[in-house]
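Peer 1: One-letter residues, chain by chain:
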Amino acid sequence: MNASPSPFSSPVSGTLMDLQDVLVLIRRGAYLSIAADESLLRRLPPGHWMAGSIPYFMAQDGGETSRQKLFITELPAHAGTPLLRWYDNSNLHKVALDAPAHGLTVLIVPAFSEVHSRFAREAPAFEDMYMKPLVGWIAGVHLDDLGQAAPMVVNGETLTFSSERALAIHMPLPESIYPRIEILNLFRPGAGDVIRFPSTGFSAHECFVNGELVNLAQYLGQKNIDTRLPLVADYSGAMINVSFKAVDAAAGQVDFYAPVFDDVEYRIAEPVPNYAQAFAQSLPADAVGASWSCNCILNYLYGELEGQRTGPITGPMTFGEIAYQLLNQTMVYVNLEKL
Amino acid sequence: MINIDKALLRQLLVIERPWEVREYRLDVRKHRCDVWIAQEPERGWFGRPKSAPVGETAVWQHLAIGQIRFHLHVNIPAGFDSKGLGWMGERDMPFTRALAARVFALFSEGISLQSVCALLDLNLQHVWNYRFALDNGRAGGADFEAPTRTAMPVPAASRVVSAQDAGAVPDIADPVWLRLLSGELKLDIKVLSLKLMLAKLRSQMDVIQDEEVRLMKLKELHRYFVKNERVLTHELNQLRLG
Numbered sequence: 016m017n018a019s020p021s022p023f024s025s026p027v028s029g030t031l032m033d034l035q036d037v038l039v040l041i042r043r044g045a046y047l048s049i050a051a052d053e054s055l056l057r058r059l060p061p062g063h064w065m066a067g068s069i070p071y072f073m074a075q076d077g078g079e080t081s082r083q084k085l086f087i088t089e090l091p092a093h094a095g096t097p098l099l100r101w102y103d104n105s106n107l108h109k110v111a112l113d114a115p116a117h118g119l120t121v122l123i124v125p126a127f128s129e130v131h132s133r134f135a136r137e138a139p140a141f142e143d144m145y146m147k148p149l150v151g152w153i154a155g156v157h158l159d160d161l162g163q164a165a166p167m168v169v170n171g172e173t174l175t176f177s178s179e180r181a182l183a184i185h186m187p188l189p190e191s192i193y194p195r196i197e198i199l200n201l202f203r204p205g206a207g208d209v210i211r212f213p214s215t216g217f218s219a220h221e222c223f224v225n226g227e228l229v230n231l232a233q234y235l236g237q238k239n240i241d242t243r244l245p246l247v248a249d250y251s252g253a254m255i256n257v258s259f260k261a262v263d264a265a266a267g268q269v270d271f272y273a274p275v276f277d278d279v280e281y282r283i284a285e286p287v288p289n290y291a292q293a294f295a296q297s298l299p300a301d302a303v304g305a306s307w308s309c310n311c312i313l314n315y316l317y318g319e320l321e322g323q324r325t326g327p328i329t330g331p332m333t334f335g336e337i338a339y340q341l342l343n344q345t346m347v348y349v350n351l352e353k354l
Numbered sequence: 037m038i039n040i041d042k043a044l045l046r047q048l049l050v051i052e053r054p055w056e057v058r059e060y061r062l063d064v065r066k067h068r069c070d071v072w073i074a075q076e077p078e079r080g081w082f083g084r085p086k087s088a089p090v091g092e093t094a095v096w097q098h099l100a101i102g103q104i105r106f107h108l109h110v111n112i113p114a115g116f117d118s119k120g121l122g123w124m125g126e127r128d129m130p131f132t133r134a135l136a137a138r139v140f141a142l143f144s145e146g147i148s149l150q151s152v153c154a155l156l157d158l159n160l161q162h163v164w165n166y167r168f169a170l171d172n173g174r175a176g177g178a179d180f181e182a183p184t185r186t187a188m189p190v191p192a193a194s195r196v197v198s199a200q201d202a203g204a205v206p207d208i209a210d211p212v213w214l215r216l217l218s219g220e221l222k223l224d225i226k227v228l229s230l231k232l233m234l235a236k237l238r239s240q241m242d243v244i245q246d247e248e249v250r251l252m253k254l255k256e257l258h259r260y261f262v263k264n265e266r267v268l269t270h271e272l273n274q275l276r277l278g
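Top to bottom, those sequences are chains C and R.
Note that the working numbering numbers the first sequence so that position 133 is 148, with each residue one more than the last.
Note that the working numbering numbers the second sequence so that position 100 is 136, with each residue one more than the last.
For reference, chain C alone in the conformation it holds in the complex (with noise of 0.2 Å):
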């Protein structure tokens, strides 16, 4: 990362990179957090990395999937010794307690875990959530690949893999630097039905659409509705989208990429007829410094972004982001600003 803002061709959220560029990096000793394919990761040398498996990327020159390059982005390290940890089911709670009293946090969650699953449900709960800067990513696997390999994240510092565990980075920094987090969402909430859940999780049955309980998947088909459009959710001024990700109108059920919640009114969101260039019209000028960025695996591949850019930032495409909480087709980045 870098707290001055780069030209819209040299982006600072991080570089696609050949295997040979990116040893050259470890061995200097920088503090790196890369995503590639497992295969990938499991030829790298000791270092101050993290690493999540993921084989699509928003790279300097476009949309790509790619086994055969690594995405790097540097990580701050001039405020003190950035602390590499582990979190799992008995200790995630602490992710933001433990993060440093000023500094940023990345997270790479490991698809389809135990964990996973605990912080998409409970983050918003975690003690000092909202207190301490927290950003990072849901590591998968190539699409080919689903049900057969395991999304891994990597520590190293001790080359350890894991798909049960999460990994975060806390690194302070200087009181004069700020890591202003955004997010960038295209989608925006529809003039439809307000739709509500009986309950928080991952799956539904049934909700109530304008105050009257019905059948989700029912009321999916009886409307026609594109299953690619996000359920948006306004938090004070944030847009926050579930992805749909199965409807099964045998069974009545629905599957999310991320929990929808209880307490929390969504409404289908409007189509986005470009996402290339809405991406690249919605991102505000300050953008281009941004020095940490990742976006959605489900964006890239309903906005058909193999070979195009989305503006100047660049980073990994992802089974899920995270701003403080989990996030579905959204673009996260992170500006490191001077106070």
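Among the hints, erroneous ones may be present.
Said to hold, decoys possible - SDA-like, lysine to any residue: derived pairs with alpha carbons at most 20 Å apart:
(1) Lys226/R x Ala300/C
(2) Lys226/R x Arg195/C
(3) Lys253/R x Ser251/C
(4) Lys263/R x Ile192/C
(5) Lys222/R x Ser251/C
(6) Lys109/C x Leu160/R
(7) Lys226/R x Lys109/C
(8) Lys255/R x Glu142/C
(9) Lys222/R x Met254/C
(10) Lys226/R x Pro139/C
(11) Lys226/R x Ile196/C
(12) Lys222/R x Tyr250/C
(13) Lys353/C x Thr269/R
(14) Lys263/R x Pro187/C
(15) Lys109/C x Leu155/R
Rather than coming from a laboratory, the hints here were simulated on the basis of the structure.
Based on the hints, put chain R in the right spot on chain C.
Peer 2: What follows is chain R alone, placed relative to chain C:
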């Protein structure tokens, strides 16, 4: 095995008749004492005890005595209302009301989860469960220890923040915090963490009825502003305008 008089143990735990200590197990090495408590059986002819009433057994951790942690296994007759008894707790809660009040008092002072565990020698998971119940309106605050109660801040007759305080976070007693939490006061918010936190706190306030817990939420919001004051200039300027 160290023997303790059961009547003395009952008195130390401030348990009154008709409840009695039936059994206990003290493990000095583990600093733990399990105590089984039930109502004294009714006596029939010639002082013979009648059969004990059918009930459920609940287990709560109680206030420690010295280094010894007490876990009370209480046989509660069906339909018994335990309200007001400090050595009992709420259903599915880890602590007795007396211990919960102690934990809550520390939370209200902004003491972290970990510090509460360290100060009271409590299991982190149990404290987390209690905190989670508070946040979701499923537990009250200091229902037992009335002297520690603090009412919600009374709206001040005049603005607490003066011109001299420009740039500072309004005092916790300023009515602006309640208006912000209730949604009556709407701000143009630029900082993502504040948007998310405010949404969370507002939904919690919708289900939390206990005044003490609502006050704790208000303090949480105030603490957020104090910690992040330097980046909340835009929002604080609006707060001061009320």
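Peer 1: Which hint numbers does the structure go against, in order from smallest to largest?
Peer 2: Hint 7 alone not satisfied by this model.
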